[in-house]
Amino acid sequence: MVREMRAIRKCLMKEEIVVYPFSAIVGQQDMKDALLANIIYPSIGGVLIRGEKGTAKSTTVRAAADLLPERKVMKGCIFRCDISDPRNLCESCREKIATGEKPVLEYSRMRVVELPLCATEDRVAGTLDIEHAITRGVKKFEPGVLAMANGNILYVDEVNLLDDHIVDLLLDAAAMGVNFVEREGISYAHPARFLLVGTMNPEEGDLRPQLLDRFGLVVDVEGEKDNRERSEIVKRRLEFERDPVAFCTSFQVEQQAVRDQIIRAKQIIAELRPDDLLINTAVRISLSLGVDGHRSDITLVKAALAFAALDGRKEVNSTDVLKAAGLSLPHRMRRRPFEESTMDITSVRGIIESCYQVS
Amino acid sequence: MIHQFPFTGITGQEHAKKALLCALVCDDIRNILILGNPGTAKSTLVRSVESLTNEKKVITIPQNVTYDRLLGMIDLEKAITSGSIQVHHGILKEGNNQILYADDINLMDEGVIQCILSASETGQYLLEREGLSHIISTRFTFIASMDPSEGELSSGQLERFDLCIRTDLITDFEMRSEIVKKALYYEISPDTFIFECEKETETLKRSILKAKERFPYVSIPDGHADLISSLCVELGVEGYRGDIAVARTAKALAALDQRDEVMFDDIKLAALLALEHRRGECKERLPHPPKSGNEETPEQDFEKNSSKEQKNPDAIPEYQQGEKEQKNREQNHIPTPHQERYFDIGSPFEVIRYLDENTWQVTLKQKSGRRSRVISSDSSGHYRSFRFPGRCRNDIAIDATIRAAAPYQRIRSRNGLAISVKKSDIREKVREKKIGHTILFLVDASGSMGVQKRMIAVKGAILSLLKDAYQKRDRVGLMIFRGDSADLLLPPTQSPDIAAKLLKKIPTGGKTPLAKGITEGYLLLTRGKFAAPRENKSIVLLTDGRGNVPLTEKTTREELGDVARKIAGKGVRFIVVDTECGFPRLGRALVLARDLDGSYFRLEDLSIHGLAGCVNDVLYSDR
Numbered sequence: 030m031v032r033e034m035r036a037i038r039k040c041l042m043k044e045e046i047v048v049y050p051f052s053a054i055v056g057q058q059d060m061k062d063a064l065l066a067n068i069i070y071p072s073i074g075g076v077l078i079r080g081e082k083g084t085a086k087s088t089t090v091r092a093a094a095d096l097l098p099e100r101k102v103m104k105g106c107i108f109r110c111d112i113s114d115p116r117n118l119c120e121s122c123r124e125k126i127a128t129g130e131k132p133v134l135e136y137s138r139m140r141v142v143e144l145p146l147c148a149t150e151d152r153v154a155g156t157l158d159i160e161h162a163i164t165r166g167v168k169k170f171e172p173g174v175l176a177m178a179n180g181n182i183l184y185v186d187e188v189n190l191l192d193d194h195i196v197d198l199l200l201d202a203a204a205m206g207v208n209f210v211e212r213e214g215i216s217y218a219h220p221a222r223f224l225l226v227g228t229m230n231p232e233e234g235d236l237r238p239q240l241l242d243r244f245g246l247v248v249d250v251e252g253e254k255d256n257r258e259r260s261e262i263v264k265r266r267l268e269f270e271r272d273p274v275a276f277c278t279s280f281q282v283e284q285q286a287v288r289d290q291i292i293r294a295k296q297i298i299a300e301l302r303p304d305d306l307l308i309n310t311a312v313r314i315s316l317s318l319g320v321d322g323h324r325s326d327i328t329l330v331k332a333a334l335a336f337a338a339l340d341g342r343k344e345v346n347s348t349d350v351l352k353a354a355g356l357s358l359p360h361r362m363r364r365r366p367f368e369e370s371t372m373d374i375t376s377v378r379g380i381i382e383s384c385y386q387v388s
Numbered sequence: 363m364i365h366q367f368p369f370t371g372i373t374g375q376e377h378a379k380k381a382l383l384c385a386l387v388c389d390d391i392r393n394i395l396i397l398g399n400p401g402t403a404k405s406t407l408v409r410s411v412e413s414l415t416n417e418k419k420v421i422t423i424p425q426n427v428t429y430d431r432l433l434g435m436i437d438l439e440k441a442i443t444s445g446s447i448q449v450h451h452g453i454l455k456e457g458n459n460q461i462l463y464a465d466d467i468n469l470m471d472e473g474v475i476q477c478i479l480s481a482s483e484t485g486q487y488l489l490e491r492e493g494l495s496h497i498i499s500t501r502f503t504f505i506a507s508m509d510p511s512e513g514e515l516s517s518g519q520l521e522r523f524d525l526c527i528r529t530d531l532i533t534d535f536e537m538r539s540e541i542v543k544k545a546l547y548y549e550i551s552p553d554t555f556i557f558e559c560e561k562e563t564e565t566l567k568r569s570i571l572k573a574k575e576r577f578p579y580v581s582i583p584d585g586h587a588d589l590i591s592s593l594c595v596e597l598g599v600e601g602y603r604g605d606i607a608v609a610r611t612a613k614a615l616a617a618l619d620q621r622d623e624v625m626f627d628d629i630k631l632a633a634l635l636a637l638e639h640r641r642g643e644c645k646e647r648l649p650h651p652p653k654s655g656n657e658e659t660p661e662q663d664f665e666k667n668s669s670k671e672q673k674n675p676d677a678i679p680e681y682q683q684g685e686k687e688q689k690n691r692e693q694n695h696i697p698t699p700h701q702e703r704y705f706d707i708g709s710p711f712e713v714i715r716y717l718d719e720n721t722w723q724v725t726l727k728q729k730s731g732r733r734s735r736v737i738s739s740d741s742s743g744h745y746r747s748f749r750f751p752g753r754c755r756n757d758i759a760i761d762a763t764i765r766a767a768a769p770y771q772r773i774r775s776r777n778g779l780a781i782s783v784k785k786s787d788i789r790e791k792v793r794e795k796k797i798g799h800t801i802l803f804l805v806d807a808s809g810s811m812g813v814q815k816r817m818i819a820v821k822g823a824i825l826s827l828l829k830d831a832y833q834k835r836d837r838v839g840l841m842i843f844r845g846d847s848a849d850l851l852l853p854p855t856q857s858p859d860i861a862a863k864l865l866k867k868i869p870t871g872g873k874t875p876l877a878k879g880i881t882e883g884y885l886l887l888t889r890g891k892f893a894a895p896r897e898n899k900s901i902v903l904l905t906d907g908r909g910n911v912p913l914t915e916k917t918t919r920e921e922l923g924d925v926a927r928k929i930a931g932k933g934v935r936f937i938v939v940d941t942e943c944g945f946p947r948l949g950r951a952l953v954l955a956r957d958l959d960g961s962y963f964r965l966e967d968l969s970i971h972g973l974a975g976c977v978n979d980v981l982y983s984d985r
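As they're listed, the protein sequences go chains A and B. So for the first sequence, this note's numbering puts the first residue at 30; every next one is plus one. So for the second sequence, this note's numbering puts the first residue at 363; every next one is plus one.
Calculated directly from the structure, the hints in this document are not laboratory data. Some clues are possibly wrong.
To list a few chain B residues with every Cβ distance to chain A over 10 Å, as calculated [said to hold, decoys possible]:
| no. | residue |
| --- | --- |
| 1 | E549 |
| 2 | F626 |
| 3 | I760 |
Here are the simulated SDA-like cross-link-like pairs (lysine to any residue), alpha carbons at most 20 Å apart as the crow flies [said to hold, decoys possible]:
| no. | chain 1 | residue 1 | chain 2 | residue 2 |
| --- | --- | --- | --- | --- |
| 4 | A | K169 | B | D437 |
| 5 | B | K784 | A | R313 |
| 6 | A | K168 | B | D437 |
| 7 | B | K544 | A | R313 |
| 8 | B | K543 | A | H161 |
Positions of the beta carbon are idealized from the N, C-alpha and C atoms, including for glycine.
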């Protein structure tokens, strides 16, 4: 406890901002679960949080930074290549392994890399290293935000307001997991597998359907309607503002519980394999809703697995599937711009129940 | 990056697969376009092609590629060390004998698309940059993919693609679950998955090689060759690219099937792959066949009559038509203007470039959108090219500057640095930004719009305009006027989606407070929140011009003229869409458009294909 206190005070000394603890966020269960599911199973493909202003969207995302697990990465690699995923190594790491050099590993915590709205293209994709070019006359690639985001969470606040050409960059990288740079005399490709997390207020404009489709899950948050919960939110916030350090310390036990939950769920998910029942249910739901691509089916299966793992179970039950369906399908319903469609959750529930009763 | 999802592991999408195979067999099938909704394995398919050939690689052209990397540039290191000027080749040359792939081609810079397409077609391109002048020859297969709901390619660009395939929507239960299973399996243990597909891949590889050898000897029987040309004529294909593409593809298909002679089925499939995107419009313009069936409800009777008028406006003398209209009105109890009705939305169409870009005063500091491209004044936007610095600016194009300085390095003293840059070497970045517009749709929702179900067509037109606005990322608002008020249904937002939803809820009925509507719309865009002075603002006014609610004592027409002349040319552009139809035409909207100094379109003129067909559709449909 004392050590924690000291650590947090140290943060304050360095003028770092103390983030509001994740476990102290009241309600918004869907948003929290969606984030946790992505953290333990990144290939779900990120989460978009839509909601009015002041519904703790960004707070929750930033708070998640404190919970992120550690992973083994190649030491000294700027892209933090994960050795356990040999398909997605950067060039230099691959060379190292090819030459038979024994990889030196280090532990690195996953972190939240923020992409500001005003970022320029060269900083996002990476560009020519100016210093290197001038002092040595040799072209060298200077990595950008997408490089930093490899293996981490890439967080875009107000993602619907992002400039079009930056969105194009994100789309490219998110689609392939690789950032290809062919500009300013530089030709470079590096792994850019990131967990895309976006928040937005839908009143300020829509997201392009292409980008929308890249988000695995979408959560629509609403302000708490319950009086007691609302007052609890205000109370905690005020307490936090009065003394952030003390507040964080008082939530230390809960925070640790969430961290443990993540570690446990990660172990479970590594073993968990989808069964035919789950896959068939997912396909049946997508077909009945008329969703066109296949990303929805795949995401639904993955999300259901993740929810089961978060709950400490090795079997997926109908509640997991329903929850996964609610988060992975609605934003993929729309086929063309302007075509109205709402998801009929009762029919989805019907399908899930009929599938799971048979078993 | 090391290995890809195997081609043979992909379920379904037979047409797309065939097209890609044809390109592997016949090197002269150069450009392939794959259309499809998100998540239908477009890019997976293209990248998997690599698993089918030993010598070809799939090289990705990223969205934001710059010309120096695309075409080539001066070889920096050679220039510095030896002072010799040589070309460092770009992707187009690196792609020689390879496959180039561009995802989301509809979002790419038009100049870039043009460069790639013409290089692939002619097998060479001219490099005239930075003191280099070369003709570079290169031969590659270009594959592009896109989601058409994000915007279309121009028909000129489309036509240059040899084959164009749309990915299928798979609705078969078994296939879909197979896809999910395979995808998850591949993710968990890619090596085993690839190994399991290995056998099939090898067989396919061998058959491609055989087909390649056979291809030159495949012949097309004369009768079938005639069939190809008559198909093209029938489908209204312009130019001969279509014919050639069909013939090549049919030959490749026959070779793949280990035959020396093209069969009818080959041509059928080849036409499907090569002609779909080249089809002319002639088919769609043919008049609808008259409806059969005997029950004649008054509603249908009305539709029939009105549609006859639409179909043959010249066949019946005008006076008769007028009479007929009169009769129609009596027969069908057209609601009095005070009744409120809600009409459906007519079918949408593709919109002409009604906001003509040339006449727009294109200003800087815009909201980003896609309608027009401007050179941005600050350092935001996409780095497109470079130029000699003009004003004092701090946005130096480092790469271009260094390249400019490189050839002189042997003779300059460098002070221990690798490069010495002089002022004359400095180049600055030219950044390009796409800008959108703020468009307010001002809709006349008075009773007169209910006549002849005109509102259906109007709503269809608005939907089309909204779609256009969406693709170009404009901000749109929606305001209606009727009775004696003008209501803002949607303040300008970047979400045409909401506007489309509101469309259904536009009531029709009441008088026409036209002058008030125009004034309110104008005020909205010139005062307060939406009044940013440098933005392009326009009002699309959909009306028949028959205002009948005066604001003052003057007559409505005089007043309307006064109001219109007063606001004309004051920062807001007007586009008047005349919704008047039938006879007699009063042409008031035209006068209004003149007074407003705006452009004038008849509703029918908005569609690329001539709206006539669409309106006919609307009138004929069972609504």
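- Hint by hint, work out which the structure violates, then give me just those numbers in ascending order. Numbers 1, 3, 5, 8, in rising order.
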